[in-house]
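Enquirer: Sequence:
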Amino acid sequence: MIADQFDVFLLDLDGVLYLGSEPIPESIVAVQRLLDRGAHVRILTNNPRLSRQALVERFQEAALAIRKEHIVTSGWAAARFLAQQGVTRTDVVGSAGATAACADEGLTRTEDDPEAVIVGADHATTYRDLQRAMDHIRAGAQFVGTNPDTSFPTSSGRGLGAGALIQALEAATGVQATIAGKPEPLVFEVVRSAFDPDARLVMIGDNPDTDILGAHRAGIASILMTHSAERSGDAAPHPAPDLTLSTLTALFDDDYSMHG
Numbered sequence: 001m002i003a004d005q006f007d008v009f010l011l012d013l014d015g016v017l018y019l020g021s022e023p024i025p026e027s028i029v030a031v032q033r034l035l036d037r038g039a040h041v042r043i044l045t046n047n048p049r050l051s052r053q054a055l056v057e058r059f060q061e062a063a064l065a066i067r068k069e070h071i072v073t074s075g076w077a078a079a080r081f082l083a084q085q086g087v088t089r090t091d092v093v094g095s096a097g098a099t100a101a102c103a104d105e106g107l108t109r110t111e112d113d114p115e116a117v118i119v120g121a122d123h124a125t126t127y128r129d130l131q132r133a134m135d136h137i138r139a140g141a142q143f144v145g146t147n148p149d150t151s152f153p154t155s156s157g158r159g160l161g162a163g164a165l166i167q168a169l170e171a172a173t174g175v176q177a178t179i180a181g182k183p184e185p186l187v188f189e190v191v192r193s194a195f196d197p198d199a200r201l202v203m204i205g206d207n208p209d210t211d212i213l214g215a216h217r218a219g220i221a222s223i224l225m226t227h228s229a230e231r232s233g234d235a236a237p238h239p240a241p242d243l244t245l246s247t248l249t250a251l252f253d254d255d256y257s258m259h260g
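Sequence positions in the sequence shown follow my numbering and run 1 to 260.
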């Protein structure tokens with residue numbers, strides 16, 4: 001069964017563990033079973049607005065024993081990347097989650113001559129914030145974006161995503177941002193650095209454009225979650241996943257294997 005074929009399971013949050021604000025019961029059961037078996041689980045999300053602690057509390061409400069080290073947000077990946085480079089001072093624009101992650105990683109947040117700027121998006125982002133980020137980047141601060149999503153679904157339509165603000169700052173500064181979130185390799189490299197080089201990783205997600213493409217770029221195996229027939233009319237994703245499943249509990253089914 002698939003659960004025996006990998007050491008590290010990278011799970012997308014929205015669409016694999018949650019649908020909207022509701023946990024997927026069979027997925028919660030499957031993740032707890034992976035943890036009970038001693039597997040390494042990392043929950044990946046491109047959402048830069050939530051802190052890892054906020055997500056821990058959400059999982060506690062679903063009776064799942066998830067800790068902060070199990071959660072990889074795009075904001076945390078950005079902070080971790082900078083910490084690994086030896087950066088100590090950074091400004092953060094538009095991401096409360098990244099601000100919390102900087103504190104977790106020992107980075108000092110400052111608006112005065114930072115070595116780097118992390119750019120995300122949240123409802124509190126102002127024109128002044130973007131102007132400050134532009135000034136820092138033009139002065140030589142490293143430019144790191146949390147995720148490339150230009151918009152995201154909300155209860156009232158679409159919200160303005162970090163990718164839109166990042167693109168605006170790229171245009172204003174002439175500097176291309178380093179993107180932390182999927183499908184760029186950085187988030188996968190940050191995760192992989194915590195494990196043995198020979199560890200077997202698999203990415204499980206429902207979005208071909210971020211989860212599957214990101215896994216392909218990072219050179220790791222991928223599983224596409226479909227949730228019934230919701231993609232029955234869609235074109236085949238490219239690159240193709242190594243396997244397609246409709247439920248996370250299939251990881252423990254002897255009828256499924258990544259190699260036939």
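Hints may contain errors.
What the hints assert, rightly or not - Quick list of the computed label-pair ranges, beta carbon to beta carbon:
(1) Gln131 x Ser21: 31 to 37 Å
(2) Arg158 x Arg200: 34 to 40 Å
(3) Thr108 x Lys68: 29 to 35 Å
(4) Asp135 x Asp253: 23 to 29 Å
(5) Ala240 x Glu22: 26 to 32 Å
(6) Arg200 x Ala65: 20 to 26 Å
(7) Ala172 x Gln5: 43 to 49 Å
(8) Asp255 x Asp112: 58 to 64 Å
(9) Gln84 x Arg217: 30 to 36 Å
(10) Arg217 x Asp112: 19 to 25 Å
(11) Ala65 x Ala103: 41 to 47 Å
Keep in mind the hints are simulated off the structure, nothing from the lab. For each residue, glycine too, the CB sits at the ideal point set by N, CA and C.
Enquirer: Next step is simple, just say for each hint if it's right about the structure.
Expert: Hints versus structure:
{"no.": "1", "hint": "Gln131 x Ser21: 31 to 37 Å", "verdict": "34 Å, holds"}
{"no.": "2", "hint": "Arg158 x Arg200: 34 to 40 Å", "verdict": "37 Å, holds"}
{"no.": "3", "hint": "Thr108 x Lys68: 29 to 35 Å", "verdict": "20 Å, violated"}
{"no.": "4", "hint": "Asp135 x Asp253: 23 to 29 Å", "verdict": "55 Å, violated"}
{"no.": "5", "hint": "Ala240 x Glu22: 26 to 32 Å", "verdict": "29 Å, holds"}
{"no.": "6", "hint": "Arg200 x Ala65: 20 to 26 Å", "verdict": "23 Å, holds"}
{"no.": "7", "hint": "Ala172 x Gln5: 43 to 49 Å", "verdict": "47 Å, holds"}
{"no.": "8", "hint": "Asp255 x Asp112: 58 to 64 Å", "verdict": "59 Å, holds"}
{"no.": "9", "hint": "Gln84 x Arg217: 30 to 36 Å", "verdict": "19 Å, violated"}
{"no.": "10", "hint": "Arg217 x Asp112: 19 to 25 Å", "verdict": "36 Å, violated"}
{"no.": "11", "hint": "Ala65 x Ala103: 41 to 47 Å", "verdict": "24 Å, violated"}
Hint compliance for this structure: hints 3, 4, 9, 10, 11 are not met, and every other hint is.
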